[in-house]
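Participant: Residue strings, one per chain:
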Amino acid sequence: MANTELFVRKQPGGPFTIVDERMATGQVYFVNSTKTTYGGDAAGKGRSPDRPFLTIDYAIGVATASQDDLILVDSCHAETITTPITMDKIGLSIVGLGYGMNRPVITPNAAIDAVTMTAARSTFENIIFAAPGTDSQTADVNIAAQYCALLNTYHVGSGSSTNKVSIVTITADGDDCLIDGFKLHNAVTALTGGGISLEGAATNIEICNFDIYDEIGLDLGAIFDGATATGVFIHDGTASNAKAGTVVLEFGNNSEGCVHKVFINGRHTTMASNVVAGTGMAFFETYVVEEVSKSSLIQVAPPVDTD
Amino acid sequence: MAFSKSELFSRKSKDGLFTVVQNPASSVGEIFFVNSTHGNATDAVTHGRQPEGPFATIDYAIGQASASTGDIIYVNPHHTETITTAITMDKIGLSIIGLGRGMNMPIITPNAAIDAVTMTAAGSTLSRIRFAAPATDAQTADINVAAAYCTLYDIHTVISDTAKNKVNVITLTSAADDCIVRKIRIYQPDKVEVVGGIAIEGALTNLEIDDVYTFCTGSKGFTNGALYDGATATGLNIHDSVFMNDKADTVCVEMGNNSVGVMKHVGVNGRHTTLASNMSISTGMAYHMTFAVEEAGKSGYVCPVVDAD
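Here the protein sequences line up with chains V and Z, keeping their order.
Anchor point for the first sequence: position 30 equals 30 in the working numbering, and the numbering is continuous, going up by one each time.
Anchor point for the second sequence: position 204 equals 511 in the working numbering, and the numbering is continuous, going up by one each time.
Honestly, I wouldn't trust all of these hints.
What the hints assert, rightly or not - Mimicking BS3-like on lysine-lysine, the simulated pairs with C-alpha atoms at most 25 Å apart in a straight line are:
| # | chain 1 | residue 1 | chain 2 | residue 2 |
| --- | --- | --- | --- | --- |
| 1 | V | K243 | V | K261 |
| 2 | Z | K527 | Z | K498 |
| 3 | V | K261 | Z | K490 |
| 4 | V | K183 | Z | K490 |
| 5 | V | K261 | V | K183 |
| 6 | Z | K490 | Z | K527 |
| 7 | Z | K571 | Z | K498 |
| 8 | V | K261 | Z | K471 |
| 9 | V | K183 | V | K243 |
Said to hold, decoys possible - Incomplete in silico selection of chain V near chain Z, CB under 8 Å:
| # | residue |
| --- | --- |
| 10 | K35 |
| 11 | T37 |
| 12 | D88 |
| 13 | R121 |
| 14 | F233 |
| 15 | G280 |
| 16 | T286 |
| 17 | P303 |
Stated by the list, open to error - Here are some, though not all, of the chain Z residues that point toward chain V, as calculated from beta-carbon distances under 8 Å:
| # | residue |
| --- | --- |
| 18 | I338 |
| 19 | I487 |
| 20 | L582 |
| 21 | A583 |
| 22 | S606 |
Hints were generated in silico from the structure; no laboratory data involved.
Where is the CB? At the ideal position from N, CA and C, for every residue including glycine.
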């Protein structure tokens with residue numbers, strides 16, 4: 001009989017470990033850039049926290065598709081990348097360790113999508129993306145496969161004279177994806193894109209528990225569509241855009257779905273003009289201001305359905 | 308004084324081996340593993356006790372579980388199963404939990420006119436399972452709850468395909484007292500209309516429905532509503548959800564049998580002709596922060612009418 005979720009895993013030349021199956025059903029790998037003495041991007045490494053891999057990309061290369069491997073990234077890990085980290089193994093999870101804001105940090109330093117999810121069922125969790133080292137970095141995360149999740153990530157949008165175009169982009173292949181616990185802080189340079197871009201006609205996208213905070217500008221909006229996505233569910237979040245005359249939520253491509261319990265902090269001229277509703281979205285319990293020092297009004301953007 | 312600094316405890320088996328459990332509160336009973344994609348998967352009594360030798364089907368695992376011992380069946384996130392007979396959860400206190408992170412969860416494809424999963428034993432829990440579009444027309448439901456103290460959590464479903472639909476998604480009989488339906492995602496693609504989303508078909512008591520999202524497109528929707536009662540249930544607590552019905556001139560949330568309870572923080576996204584006609588108001592429900600639209604591109608308006616006297 002079995003009364004436990006804990007099972008022994010063996011590794012070549014190494015000790016056995018006990019793993020909780022609820023945490024990972026596949027292999028577990030460790031990444032920590034600070035362990036340069038005993039760690040390394042080489043065979044024989046990566047199977048214990050004391051001898052970890054040094055880069056996330058190397059760990060992905062070692063992982064196996066379709067067995068739900070897990071890459072645990074130490075909270076002190078820091079990595080500056082000039083080529084994208086491509087999550088191309090089905091079912092792979094990359095999870096940052098650490099509590100609160102003590103998490104691993106990725107610093108993008110090229111005009112790239114720092115992380116791009118091309119394999120279905122990928123999960124990326126609990127990692128900070130620093131301000132870009134290169135101007136016009138295209139995105140922190142690009143979701144281009146089905147059943148992917150982006151959980152509890154923190155993003156800095158810009159540095160002095162360097163910005164990101166957008167923070168998260170979702171292509172037409174990003175069906176049934178989840179963005180939960182997304183936080184953006186942008187204070188130095190306006191983004192030429194915006195926060196979360198629904199750039200493809202994906203279906204069934206959920207964005208929840210988000211905080212998009214901006215002090216300088218998100219040119220295309222905090223959340224915006226570049227195509228007609230369907231099954232969109234945006235709820236329980238705050239979206240701001242400090243740029244004058246610029247929309248906060250933009251659904252000009254008539255994506256379909258709903259916005260529920262969202263606070264909109266815009267600087268367009270009227271409350272209504274802070275939201276481009278499109279013809280496919282419904283809005284419930286949305287509150288809007290178009291200037292500071294005011295309390296928001298409920299259900300004014302877009303106009304209330306009264307007939 | 309005896310004390311412990313560990314959450315790990317050993318347990319002995321009849322064969323003399325010991326295992327380690329992390330926390331007795333999480334697994335007071337036996338634990339089974341199901342994974343149809345594993346090379347060693349077999350529905351035999353020699354299997355199912357470890358992830359490297361799992362059962363191949365959920366139904367077989369249920370057959371090996373015991374009632375009233377808190378058994379848990381863990382289903383691998385890559386498990387897929389096409390079923391032609393119902394999976395009956397008939398062991399009291401049994402939990403079936405899909406493993407995996409985020410959106411990575413096991414998939415059940417119903418392929419008969421059946422309730423894919425039916426809960427007939429009290430205290431059953433079904434968590435983190437995705438139901439694919441039906442392979443057979445008129446599949447009666449994804450889940451039928453017919454016992455007390457049952458829980459559905461983190462369930463995703465697609466409810467129609469070309470020329471094939473589900474009749475309802477979740478049905479709750481009069482025996483489904485004291486149940487929780489939480490974090491349910493129901494997607495109706497532009498395929499075939501279905502009868503209903505969540506159907507409170509019996510006069511049950513004490514049901515919580517929380518964090519439900521139904522989405523429809525292409526004017527396809529629910530004949531009877533995204534949420535509806537077929538009897539007078541009591542003790543309803545419906546909250547923090549959005550119900551959509553894209554079918555024209557059709558109710559979205561229907562409480563015509565005057566179920567009793569509270570609805571709060573709910574969005575009603577309907578396409579009936581007026582705001583009011585998208586909700587069939589119960590004489591037994593109170594509504595707080597409930598808003599409706601009858602067309603897209605608008606903010607919801609308070610519905611039903613405000614109590615102003």
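Participant: Run every hint past the structure and note whether it holds.
Facilitator: Hints and how they fare:
no. : hint            : verdict
1   : K243/V / K261/V : 23 Å, holds
2   : K527/Z / K498/Z : 7 Å, holds
3   : K261/V / K490/Z : 16 Å, holds
4   : K183/V / K490/Z : 22 Å, holds
5   : K261/V / K183/V : 17 Å, holds
6   : K490/Z / K527/Z : 22 Å, holds
7   : K571/Z / K498/Z : 31 Å, violated
8   : K261/V / K471/Z : 34 Å, violated
9   : K183/V / K243/V : 19 Å, holds
10  : K35             : 25 Å, violated
11  : T37             : 31 Å, violated
12  : D88             : 15 Å, violated
13  : R121            : 4 Å, holds
14  : F233            : 5 Å, holds
15  : G280            : 5 Å, holds
16  : T286            : 6 Å, holds
17  : P303            : 6 Å, holds
18  : I338            : 5 Å, holds
19  : I487            : 19 Å, violated
20  : L582            : 6 Å, holds
21  : A583            : 11 Å, violated
22  : S606            : 4 Å, holds
The structure does not agree with the numbered hints 7, 8, 10, 11, 12, 19 and 21 stated previously, though it agrees with the rest.
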